[in-house]
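The listed protein sequences correspond, in order, to chains A and B. Numbering follows the working numbering, with no gaps: position 12 of the first sequence is 12. Take any residue in the second sequence, count from 1 to its spot, add 290: that is its number in the working numbering.
If you are wondering where the hints come from, they were derived from the structure by calculation, not from laboratory data. Using N, Cα and C, we set each Cβ at its ideal position, and we do this for glycine too. Accuracy of the hints is not assured; some may be wrong.
As the list claims (entries may be wrong) - Stretch-level coverage of chain A by chain B, calculated; a stretch enters the list once three of its residues show a Cβ under 8 angstroms from a Cβ in chain B: (1) 140–149; (2) 161–171; (3) 263–272.
Stated by the list, open to error - The calculated label-pair distances, taken between Cβ atoms and stated as ranges, are: (4) B/Gly411 to A/Ala159: 51 to 61 angstroms; (5) A/Ala159 to B/Pro554: 43 to 53 angstroms; (6) B/Pro554 to A/Gly117: 51 to 61 angstroms; (7) B/Pro554 to A/Pro155: 36 to 46 angstroms.
In case you want the letters, here they are:
Protein chains: 2
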Amino acid sequence: MLEPTAGHRLVVTTDVLVEGLDFTAALSEPEDWGWKAVVANLSDLAAMAAEARWLVLALTVPDPTPVATLERVYAGVGEACRAFGVALVGGDISAGPALSMAVTALGETERPVPRSGARPGDRLAVSGPLGAAAAGLALLQSGDPAAAGLLGRFPGLAAAHRRPQPALAMGLALARAGATAMIDVSDGLAGDALHLAEASGVGIEVHDAAVPLAPGVAEAAALLGRDPLELAIGGGEDFVLAAALPRASDLGGVLDCGRFTADPSTRVRVTRGGPVPLAGLAWDHFRRPG
Amino acid sequence: MLEPTAGHRLVVTTDVLVEGLDFTAALSEPEDWGWKAVVANLSDLAAMAAEARWLVLALTVPDPTPVATLERVYAGVGEACRAFGVALVGGDISAGPALSMAVTALGETERPVPRSGARPGDRLAVSGPLGAAAAGLALLQSGDPAAAGLLGRFPGLAAAHRRPQPALAMGLALARAGATAMIDVSDGLAGDALHLAEASGVGIEVHDAAVPLAPGVAEAAALLGRDPLELAIGGGEDFVLAAALPRASDLGGVLDCGRFTADPSTRVRVTRGGPVPLAGLAWDHFRRPG
C-alpha cells in the first residue's frame, strides 16, 4: 500500500532490459544489471521533474540460472534503490528464454514537465557532458589492449556504462528554472532532441561545436577510429537530461548545445560541413549491438 | 500524469507473461495474449480490493515478428482496458529472444485487504468455481478429437484459458463483507490457500468435497484420464478470488471450501483418504507446461 502525497501528481514509467541486448555477462556484473534497470527508469522520472518513490520489478529467468546470479541482480537493484531513495514494493519472477528485467517506477511531482512544451527560441540544454556511456561500451567491447589503458585512465567511461546515475536533482532544478520540455538522453542526443522537437511541433538545431564531450571520449574516439561526436550524439545511454529552457532562464550546471526554432521542417544537426537532418541518427532498439 | 483520488491508498502489481510458457500461438490468438496480460494484473488488484485505474506495458519482441501480430496484441490489451475501465498510460518496447509482456497495474482502494489477516475459524471462500482454465488448456493441448467436442459443448473452458475475467467487483464485495485476507487464484487453489495461511501464520484445511468444479471440468477430467480435483486445486489460472471470511459474514456468490485453523503446522487438503499436506501441490512457474 502506497501513500501518495497530497497535491502531487503521480507519474509512471516502464523500461525493460534484456540480456544480450542491454547488458551481457562479458561486459558487466549482475549487480550492474540490476542497478542499470533501476536507473533507466529513475532517469525517466527525472525527465518528468518527479521525485522517485516506488518501483516494481518483473524478472524473467532462463533455466539454468544460478540462484547466486539472481541474488546479485537483486543486490544491485537494492543498491540503486537505497542510493536514490526509492522503495521496491512489488515484483514477479517467471521462466523465460533470456534474463530480462522489466521495471516500472512511480514518482511524484508538483510541477511536471512534458516533452511537448518547447517553444521557438528556447535553448537546448543538457545536464552534463555526453558520450561516456557509448565510449565506455565501445572500449569494453574492443579487443585492443590500449582500450584497457584508457578505461583505467578514465574510470568514468566504464562507470557510465555499468553504473549510470539518474539526474533526479537536476530534473527538479530544470523544472524550477522554467524548462518547457524535457527528456532523458537514453537513445542519444540526436534522437532525443528530435523527440522533443516532434512532440512540441517546433524545429531544432543541435550545434555540434557546442556539444559537451565527457572526459575520455575524445581519446576513446581517437583510439577506436571513430568520430567523438558520433559517440556523444548518435548513441549511448548517458542518462543526462536534455531540456528546452527559455533564453532568460539562469541555471548553473547546464550546457547549451542548440536551440529550438519556429520551422518544424528544420530539425538538424549543424556541423562544420553544414546542416544534417537529425532523423536517422537515433539509436534503434532493434539494431542495438550485443 | 495521473491524478490519485484523495483518501485512497494506491496499490501496484506487476506480472510478466512469456510466449511458449504462458501462451503459445498454437492455442490462442495474439489478441488473447494481450487480454490475458492485462487480466492477470487486474486480478491481483481485485485481490487487494482495489479499483483498477492505470497500467503500463513493457513488451519484448523477437526478430522477426510481423507488425500485424504486435497490433493484434495491442488490440487485445485495448479491449481488456476498455472492458475493465483501466487506462494504458505508458509503455516500452524492446528487442528480445521471445515475445513477453510485462504489465504493471495501479489501483486505488479505500479498504485494502492483505494476504496476512486470516484468523483461526475464518472460512476459506472462493468467488467462483475452479478448474475451467486448467481443463481448457489441457483439452486445447490434447490431440484427442473428442476434446474438440467437449470444448464446443463447454465454451467456458477455452474462454477461461484465453479470455479470463478479473473478479474486480467481487474483490470490493468481499472487502465490504469483512474479508480478513485475500488472494487471486492464479497458481491453483492449493498453492494460493497455502500462501494465505503462511502469510497469516495460521493453519488451513481445504475440503476436497466442497471445492466447486466449473462446468465441464468433470467431463474433461474423465476424457483426459485425470482427477477433476487436481485440475481444480492443483493448477490453472482461474483468476477467482480466495478469501478468508469471518464465520458470521454473509455474502452471496461465494462458495466455502475450507477453513483456517489455529495450528500453523496443519496446512492440508482433506481428501476422502485423509489429510494431504498442501505444500508441493502448488503450480511451479519453472515447471509449467508449454
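Could you work out which earlier hints the structure fails to respect and list their numbers in ascending sequence?
Violated hints: 1, 2, 3 and 7; rest satisfied.
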